[in-house]
Amino acid sequence: MAFSLHGVHLPHRKNTADTAAVAMETPKTVTLPMGMHIGAPAVPVVKVGDHVDVGTLVAEQNGAISSPVYASVSGTVKAIVEQLQVNGRKLPAVVIESDGANTPDPAIAPPTVTNQEELVEAIRKSGIVGLGGAGFPTYVKFKVDPAKVEALIINGAECEPYITSDSLTMTQRADEMADALRALETHLGIKKVIIGIENNKKSAIAKMKELANADPCVQVVTLPAVYPQGGEKVLVYHTTGKVIPAGKLPLDVGCIVVNCTTLACIGQYLKTGMPLVDKCITVDGSAVKEPKNVIVPIGTAMEEVFAFCGGFKEEPGKVLYGGPMMGVAVADLSAPVLKNTNAILAFDQKDAVAGKETACIRCGACYNHCPFGINPVALEKAYREGDAEAMEKAGADVCMECGCCAFICPANRPLVQNNKLAKVALRDARAAAKEKEDQK
Amino acid sequence: MESKLHISVSPHIRSKRNTRNIMLDVILSLLPATAAGIVLFGGSAVAVVVTCIAAAVLSEGFFNLIIKKEQTVNDLSAVVTGLLLALNLPANIPLWQAVIGSVFAIVIVKCFFGGIGCNVVNPAITGRVFMLIAFGSMAQAAFPVDSASAATPLVELSQGNVPDLLELFLGKNGGAIGETSVLALLIGGIYLLARGVISWHLPVAYIGTVFLFTLAVQGDLTVTLAYIFSGGLFIGAIFMATDYVTSPSTPAGKLIFGIGAGVITVLIRLWGNYPEGVSFAILLMNILNPFIEKWTPRKLFGGKKA
Ligand code: SF4
Ligand code: SF4
Numbered sequence: 004m005a006f007s008l009h010g011v012h013l014p015h016r017k018n019t020a021d022t023a024a025v026a027m028e029t030p031k032t033v034t035l036p037m038g039m040h041i042g043a044p045a046v047p048v049v050k051v052g053d054h055v056d057v058g059t060l061v062a063e064q065n066g067a068i069s070s071p072v073y074a075s076v077s078g079t080v081k082a083i084v085e086q087l088q089v090n091g092r093k094l095p096a097v098v099i100e101s102d103g104a105n106t107p108d109p110a111i112a113p114p115t116v117t118n119q120e121e122l123v124e125a126i127r128k129s130g131i132v133g134l135g136g137a138g139f140p141t142y143v144k145f146k147v148d149p150a151k152v153e154a155l156i157i158n159g160a161e162c163e164p165y166i167t168s169d170s171l172t173m174t175q176r177a178d179e180m181a182d183a184l185r186a187l188e189t190h191l192g193i194k195k196v197i198i199g200i201e202n203n204k205k206s207a208i209a210k211m212k213e214l215a216n217a218d219p220c221v222q223v224v225t226l227p228a229v230y231p232q233g234g235e236k237v238l239v240y241h242t243t244g245k246v247i248p249a250g251k252l253p254l255d256v257g258c259i260v261v262n263c264t265t266l267a268c269i270g271q272y273l274k275t276g277m278p279l280v281d282k283c284i285t286v287d288g289s290a291v292k293e294p295k296n297v298i299v300p301i302g303t304a305m306e307e308v309f310a311f312c313g314g315f316k317e318e319p320g321k322v323l324y325g326g327p328m329m330g331v332a333v334a335d336l337s338a339p340v341l342k343n344t345n346a347i348l349a350f351d352q353k354d355a356v357a358g359k360e361t362a363c364i365r366c367g368a369c370y371n372h373c374p375f376g377i378n379p380v381a382l383e384k385a386y387r388e389g390d391a392e393a394m395e396k397a398g399a400d401v402c403m404e405c406g407c408c409a410f411i412c413p414a415n416r417p418l419v420q421n422n423k424l425a426k427v428a429l430r431d432a433r434a435a436a437k438e439k440e441d442q443k
Numbered sequence: 202m203e204s205k206l207h208i209s210v211s212p213h214i215r216s217k218r219n220t221r222n223i224m225l226d227v228i229l230s231l232l233p234a235t236a237a238g239i240v241l242f243g244g245s246a247v248a249v250v251v252t253c254i255a256a257a258v259l260s261e262g263f264f265n266l267i268i269k270k271e272q273t274v275n276d277l278s279a280v281v282t283g284l285l286l287a288l289n290l291p292a293n294i295p296l297w298q299a300v301i302g303s304v305f306a307i308v309i310v311k312c313f314f315g316g317i318g319c320n321v322v323n324p325a326i327t328g329r330v331f332m333l334i335a336f337g338s339m340a341q342a343a344f345p346v347d348s349a350s351a352a353t354p355l356v357e358l359s360q361g362n363v364p365d366l367l368e369l370f371l372g373k374n375g376g377a378i379g380e381t382s383v384l385a386l387l388i389g390g391i392y393l394l395a396r397g398v399i400s401w402h403l404p405v406a407y408i409g410t411v412f413l414f415t416l417a418v419q420g421d422l423t424v425t426l427a428y429i430f431s432g433g434l435f436i437g438a439i440f441m442a443t444d445y446v447t448s449p450s451t452p453a454g455k456l457i458f459g460i461g462a463g464v465i466t467v468l469i470r471l472w473g474n475y476p477e478g479v480s481f482a483i484l485l486m487n488i489l490n491p492f493i494e495k496w497t498p499r500k501l502f503g504g505k506k507a
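Those protein sequence lines, which keep their order, are chains A and B.
To convert, count from 1 in the first sequence and add 3; that's my numbering.
To convert, count from 1 in the second sequence and add 201; that's my numbering.
If you are wondering where the hints come from, they were derived from the structure by calculation, not from laboratory data.
Mixed in with the good hints, there may be bad ones.
As the list claims (entries may be wrong) - Covered stretches of chain B (chain A as the covering partner; in silico rule of three or more C-beta atoms under 8 angstroms from a C-beta of chain A):
1. 206-218
2. 315-328
Claimed, not checked - In silico negatives: residues of chain A with every beta carbon more than 12 angstroms from chain B:
3. Thr22
4. Val48
5. Val49
6. His54
7. Pro109
8. Ile111
9. Ala112
10. Pro114
11. Glu120
12. Lys151
13. Asp178
14. Leu191
15. Asn202
16. Ala304
17. Ala310
Given the structure is predicted, the values throughout are model-derived calculations rather than measurements.
Just so you know, even glycine gets a beta-carbon here, dropped at the ideal spot from N, CA and C.
Please put together the full structure from these sequences, using the hints given.
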């Protein structure tokens, strides 16, 4: 490979590394939002008062890019509410009151898979979405012409501080990963599997090397422990040397990227037929008393998970879905654990407040640390001036919002926020230009 | 319901670096050169350093007060400007001139353009050049008490005399307060590199260019070394040219800046009217900087081929 992309060295803070996951007691209620994935929201198929078991279909997918939702506890549908999501969308959510029995749905049985179509359908039915963070429905990635796929890349980078749930998957769920790989190799004709792991995760690397020894298609590539190795384009580049052009997908360069936990969940579904109903998540952050990896029914309120981890040392000032670099801050501790939640972090007041924003000193640190060579200062200027062409040239489309630039900035400038605004402005400008074009 | 939780856009952690501690690093890195200057030139050097820093900080403070701008003296950048200017002045300069130079550097070159990060040229360099033009007295450099010579090494060199290399390296020769001791400047430079405040590209390109160009013209290694150890080359290349605001961001840009400054420095030194060309060279490259920045972008990953 040519050379390593730029990035930043982060404090790792993997306090929960190599600790076994503990299952949480069943919560009294779970709230299952309809938009736990990228794409069209799912549509509820249950009514208030219906009885559901663990794994009963609660909402069917809607459209080509969407994903079904299953009950994560057994009990009664208590309500279907409208809920504000962190992205600002208002969507229905199904609230289930648990009967405490956790009875599995009797209809659950392992799927029969004899070809690609059945495999894709099985993955669709499993309700699995990209568990590394983005939540893109996984089956869509495999609904492809197998001839176009050169390599399947398994994302085990886990480059965000604090989070260890993916490493735990690799050390504890290697068998399920191997099962899933076998199915994908057989039915999609995948001949090359690359597992990318940051070089500081020794036990995960050892376990995955065992897996690779047993399967000639699989190889393990260790990645430098420089954030962000887990970004899709970064990972593809560092494992295959291929550059994904701006606005293109991994498949355009013959790659499919799947997170390691997503893969393990596919393996589990193929074996048991139990859809995605729980999630192993890392619970950590300066405000959390006992950081842990916890297996949580999807839809459990964050506050209950924090309570399970000994509660808070002090009133938290900031609570996140996901890691500190790309995670999303929530306004309310009643927010549920989602399918694609890999961590929930709570920070004390001191860590919650960002440093004061000061004038840019043109140090170039943001520019030199951006993995993609974007100059956030130029982008900010282009955005302020409303210059769409300059925004495009500065790389508004290329930015993956990894946060390296804002992390490193000595002036504490809100660079990711600017980049996001620039992206929206550029999209609007393009839409406006197109409309003008169409009117002619 | 009012939420007590902070909502902000990612990232939620920041590096420990801030403007103030970067400036503090620059100040620390200049301490060896400052100490060397005080040892060599005595109490008058202390007076110049204190005067310049005080004038720089006070003028920035007053300027902000008058135009009702948020106070910025805490970021220590005015201290850096004052200190750098002082180190570029001879110890025997009249203090009122030092005050005028500092106020000029801060108010005209920095504050008028919008404060930190907005200046077009380096304040300390510009302050020095202004003084050089405004007060001819600048040309009379100070000399250490036990100095054997009564001319600055660059003047000696232009007359065909080669000063002792070791003395030059240690700084026992005439010149500005902080520019004479190459050793002290190198220690500061290594500190800045180790702390990641600057990268090697610009200083190495600058000093390397002066070295190669001088060697090509003079054809003698001792003479060439004497040239690069003399005058303001090291302080200029390590501390002044690397100013963030007025030098390029990318490694390629830094190399070009360094090479350009090196060529101009030698041209002035060997064929110009002034014995020293570092300040003019950096000032000129400051002015060219926006163009260098423009022509040396980083390649956008997966971006359209330019
Ligand atoms: S500009 Fe975008 S891609 Fe580059 S460092 Fe910043 S957030 Fe990451
Ligand atoms: S890192 Fe911050 S201070 Fe430095 S150039 Fe970028 S925006 Fe300006």
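Evaluated hints:
1. For a cut-off of 8 angstroms, the count of residues in the stretch 206-218 of chain B with a CB near a CB of chain A stands at 12, and the three-residue condition holds.
2. With 4 residues having a beta carbon nearer than 8 angstroms to a beta carbon of chain A, the stretch 315-328 of chain B meets the requirement of three or more and the stated coverage holds.
3. Separation of threonine 22 of chain A from chain B is adequate, the least Cβ-Cβ distance of about 22 angstroms exceeding the 12 angstroms criterion.
4. Even its closest Cβ contact with chain B, about 31 angstroms, leaves valine 48 of chain A beyond 12 angstroms, as expected for a residue assigned away from the interface.
5. With 12 angstroms as the threshold on Cβ separation, the claim that valine 49 of chain A sits away from chain B holds: the shortest Cβ distance comes to roughly 28 angstroms.
6. No Cβ of chain B comes within 12 angstroms of the Cβ of histidine 54 of chain A; the nearest lies about 32 angstroms off, and the non-interface call holds.
7. No Cβ of chain B comes within 12 angstroms of the Cβ of proline 109 of chain A; the nearest lies about 41 angstroms off, and the non-interface call holds.
8. Residue placement check: isoleucine 111 of chain A keeps its beta carbon more than 12 angstroms from all beta carbons of chain B (closest about 37 angstroms).
9. Here alanine 112 of chain A stays apart from chain B, with its beta-carbon at least about 41 angstroms from theirs, past the 12 angstroms limit.
10. With a least CB separation of 37 angstroms from chain B, proline 114 of chain A remains clear of the 12 angstroms interface cut-off, as annotated.
11. Every Cβ of chain B is farther than 12 angstroms from the Cβ of glutamate 120 of chain A; the closest lies at roughly 32 angstroms, confirming the non-interface assignment.
12. Listed as outside the interface, lysine 151 of chain A is consistent with that label: its C-beta sits roughly 19 angstroms from the nearest C-beta of chain B, beyond the 12 angstroms cut-off.
13. With a closest Cβ-Cβ approach of about 34 angstroms to chain B, aspartate 178 of chain A is found to remain outside the 12 angstroms limit, as its non-interface label requires.
14. Distance check for leucine 191 of chain A against chain B: the nearest CB is about 25 angstroms away, which clears 12 angstroms, and the non-interface claim stands.
15. Once the 12 angstroms rule is applied to beta carbons, asparagine 202 of chain A is consistent with being away from chain B; the minimum gap is 22 angstroms.
16. Annotated as non-interface, alanine 304 of chain A keeps its C-beta farther than 12 angstroms from every C-beta of chain B; the closest such distance is 14 angstroms.
17. In this structure alanine 310 of chain A is separated from chain B by more than 12 angstroms, as the shortest Cβ-Cβ distance comes to about 16 angstroms.
The structure shown violates none of the earlier numbered hints.
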